[in-house]
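> Chain by chain, the residues:
2 protein chains.
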Amino acid sequence: MIKTRFTEMFGVKHPIVQGGMQWVGRAELTSAVANAGALGFLTALTQPTPEDLRKEVKRCREMTDQPFGVNLTILPTLVPRPYGEYIDAIIESGVKIVETAGNNPKPFLPKLKNAGIKVIHKCTSVRHGISAEKVGVDAISMDGFECAGHPGEDDIPNLVLLPAAANVINIPMIASGGFGDARGLVAALALGCEGINMGTRFMATQEAPIHDKVKQALVAGDERSTALIFRTMRNTSRVFGNSVAKKAIEMELEGKTIKEIGPLVAGTRGKVVYETGDMEHGIWSAGTVMGIIRDIPTCKALVERIVGEAEEMIRGKLSRAIAA
Amino acid sequence: MIKTRFTEMFGVKHPIVQGGMQWVGRAELTSAVANAGALGFLTALTQPTPEDLRKEVKRCREMTDQPFGVNLTILPTLVPRPYGEYIDAIIESGVKIVETAGNNPKPFLPKLKNAGIKVIHKCTSVRHGISAEKVGVDAISMDGFECAGHPGEDDIPNLVLLPAAANVINIPMIASGGFGDARGLVAALALGCEGINMGTRFMATQEAPIHDKVKQALVAGDERSTALIFRTMRNTSRVFGNSVAKKAIEMELEGKTIKEIGPLVAGTRGKVVYETGDMEHGIWSAGTVMGIIRDIPTCKALVERIVGEAEEMIRGKLSRAIAA
Chain L
1 MIKTRFTEMF GVKHPIVQGG MQWVGRAELT SAVANAGALG FLTALTQPTP
51 EDLRKEVKRC REMTDQPFGV NLTILPTLVP RPYGEYIDAI IESGVKIVET
101 AGNNPKPFLP KLKNAGIKVI HKCTSVRHGI SAEKVGVDAI SMDGFECAGH
151 PGEDDIPNLV LLPAAANVIN IPMIASGGFG DARGLVAALA LGCEGINMGT
201 RFMATQEAPI HDKVKQALVA GDERSTALIF RTMRNTSRVF GNSVAKKAIE
251 MELEGKTIKE IGPLVAGTRG KVVYETGDME HGIWSAGTVM GIIRDIPTCK
301 ALVERIVGEA EEMIRGKLSR AIAA
Chain S
1 MIKTRFTEMF GVKHPIVQGG MQWVGRAELT SAVANAGALG FLTALTQPTP
51 EDLRKEVKRC REMTDQPFGV NLTILPTLVP RPYGEYIDAI IESGVKIVET
101 AGNNPKPFLP KLKNAGIKVI HKCTSVRHGI SAEKVGVDAI SMDGFECAGH
151 PGEDDIPNLV LLPAAANVIN IPMIASGGFG DARGLVAALA LGCEGINMGT
201 RFMATQEAPI HDKVKQALVA GDERSTALIF RTMRNTSRVF GNSVAKKAIE
251 MELEGKTIKE IGPLVAGTRG KVVYETGDME HGIWSAGTVM GIIRDIPTCK
301 ALVERIVGEA EEMIRGKLSR AIAA
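So the sequence lines, in the order shown, correspond to chains L and S.
Residues in the first sequence are numbered consecutively from 1, following the numbering used here.
Residues in the second sequence are numbered consecutively from 1, following the numbering used here.
Calculated from the structure, these hints are not laboratory results.
Note that this is a predicted model, so its numbers are computed, not measured.
Backbone N, C-alpha and C fix where the C-beta goes; we use that ideal spot for every residue, glycine too.
You may find that some hints are simply not true.
As the list claims (entries may be wrong) - Just the calculated beta-carbon pair ranges, DEER-fashion:
| # | chain 1 | residue 1 | chain 2 | residue 2 | range |
| --- | --- | --- | --- | --- | --- |
| 1 | L | Q206 | S | K134 | 35 to 45 Å |
| 2 | S | N167 | L | T298 | 16 to 26 Å |
| 3 | S | K317 | L | N114 | 42 to 52 Å |
| 4 | S | G102 | L | T257 | 53 to 63 Å |
| 5 | L | R315 | S | M9 | 20 to 30 Å |
| 6 | S | G136 | L | M63 | 29 to 39 Å |
| 7 | S | S131 | L | G255 | 31 to 41 Å |
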């Protein structure tokens with residue numbers, strides 16, 4: 001067992017979080033993570049309507065009696081989403097942990113805090129972490145350049161980002177981006193954090209509700225198998241480096257507009273990849289952590305392996321190094 | 001004290017290396033690092049001729065009776081350097097540790113090994129690390145995307161690069177790029193390495209033979225104060241993000257040739273920055289670790305602080321986390 005300020009604050013057994021993932025963060029995965037003693041998050045916008053989110057929370061609760069949360073990512077999208085109504089659905093469903101990402105969560109905080117909800121805000125920079133602490137979130141999930149999805153535009157890896165943030169942020173920080181095993185968990189604790197967030201690593205589990213071909217691709221890929229799209233638009237996204245991602249980058253460099261590239265990279269195409277295993281149908285998020293993903297365990301086996309090996313490393317290699 | 005396979009193999013007290021730095025790796029710094037119980041490296045090409053390198057080794061030896069090494073970076077330069085003659089000078093000077101960087105060290109290895117010299121090769125990718133182990137180097141200094149100077153073109157941060165490399169490399173690995181304090185040292189040990197290499201952090205020490213204004217700039221800068229030049233030429237270099245670096249990137253994006261940009265970024269201009277403190281005279285290497293550099297200690301104080309705090313972290317925070 002590894003206990004930190006995070007496990008205490010959120011009432012979970014292990015300092016491991018399954019981060020919000022569009023189309024992947026469904027009840028099957030989140031309940032499996034919760035049952036493994038880690039903190040899972042349903043992804044609100046994976047559900048087409050707030051009413052569907054209510055049903056998904058209920059479905060997840062039927063599969064686990066452990067705490068879990070809901071991720072709400074507030075980013076510019078082609079079709080605007082009714083964020084306020086999703087917030088209402090979260091509150092009414094009785095969920096007590098929310099992960100916000102994208103825009104500053106300030107407008108939604110009073111409502112969430114009044115409902116007794118703990119808020120983890122995802123940031124990609126020290127300055128945004130400072131702002132989030134100021135507006136009153138309970139914890140920060142700090143996302144380095146390694147991460148899948150949106151790493152921001154600063155390109156600062158976690159080895160520097162996390163301790164720089166820890167120098168000025170007082171609330172608990174979860175380290176996110178590039179984490180997948182015990183080595184990363186111990187590194188995160190050393191760098192000033194209270195736990196790790198894993199996205200891509202949890203996609204490569206038995207319970208992740210995505211096609212097996214996607215999981216196999218994560219195992220076969222390595223640390224160089226990702227691509228960064230939309231760099232030139234300062235809306236960078238780290239995705240699996242398939243032919244679609246390469247085509248999108250090519251179009252971007254040719255000066256094509258987001259409207260022209262849009263149909264190629266539409267999120268619904270990623271959904272089809274996950275459902276059908278047609279790997280070149282669209283883009284889908286994947287992080288550099290592919291470099292250390294080598295199997296497709298159950299969530300329980302994965303979480304227990306990480307925590308067990310981390311304990312073993314602290315008790316073994318690290319303690320021996322200072323005792324010699 | 002922290003003992004690892006690295007401290008044993010190289011006969012140094014602490015698992016900390018001062019990496020090769022053009023114009024900075026002179027006897028003043030290297031001897032101070034050696035006297036602090038860490039492994040310092042003179043930079044061969046900082047010396048205009050092999051004969052000057054012989055004199056510099058002698059000068060360093062007058063300032064320390066502890067082991068130190070010589071870095072030899074083999075990269076394309078505008079003016080070719082007589083690498084073979086530098087190797088001869090190293091061997092004849094009696095130095096027993098060499099750090100090679102840039103090209104594959106294979107051609108020079110028989111000569112170095114025959115002279116009883118241990119070779120650390122600097123790599124920026126898993127595949128180059130595997131090659132270096134195969135050709136027979138003694139240790140790898142693995143350089144992540146965080147680093148100053150040449151990070152390669154893969155952009156893989158150490159959080160993923162190091163454990164991915166540790167999965168397939170058997171000889172000791174030194175973690176390089178983004179390291180500057182105890183948190184980084186413990187993270188490096190956790191990620192599968194046997195010590196850390198610091199460049200930029202050692203520039204911000206009392207003994208570094210560079211102008212105080214440069215040291216102050218490292219303290220004042222943060223993790224976002226670097227710039228990557230020569231990306232488009234696939235010869236990326238991470239430097240301090242001053243006006244000269246920005247101008248060079250601008251020229252590069254305008255399609256100017258290396259011959260046109262060359263005078264602006266000539267290494268000798270960086271030398272002038274270090275000597276005069278005229279911060280906009282040229283480009284000079286600096287890493288993202290600036291984000292956690294907050295003072296200008298002596299080498300001894302820095303090394304002892306890092307090792308002391310690392311021991312304290314393993315004995316304290318980490319051991320408590322598993323005991324709770």
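> Take the hints in turn and mark each one as holding or not.
Structure-based check of all given hints:
Against the hinted window of 35 to 45 Å, the Cβ-Cβ separation of L:Q206 and S:K134 comes to about 36 Å, which satisfies the hint. For the hinted restraint 16 to 26 Å between S:N167 and L:T298, the CB-CB distance of approximately 22 Å keeps it satisfied. Between S:K317 and L:N114 the CB atoms are about 34 Å apart, so this pair departs from the stated range of 42 to 52 Å. The hint said 53 to 63 Å for the Cβ distance between S:G102 and L:T257, and at roughly 41 Å that hint is violated.
One distance hint, 20 to 30 Å for the beta-carbon pair L:R315 and S:M9, holds here, with the actual separation near 25 Å. As the Cβ distance of S:G136 to L:M63 is approximately 54 Å, the hint placing it in 29 to 39 Å is violated. In this structure the supplied range 31 to 41 Å holds for S:S131 paired with L:G255, their Cβ-Cβ distance being about 39 Å.
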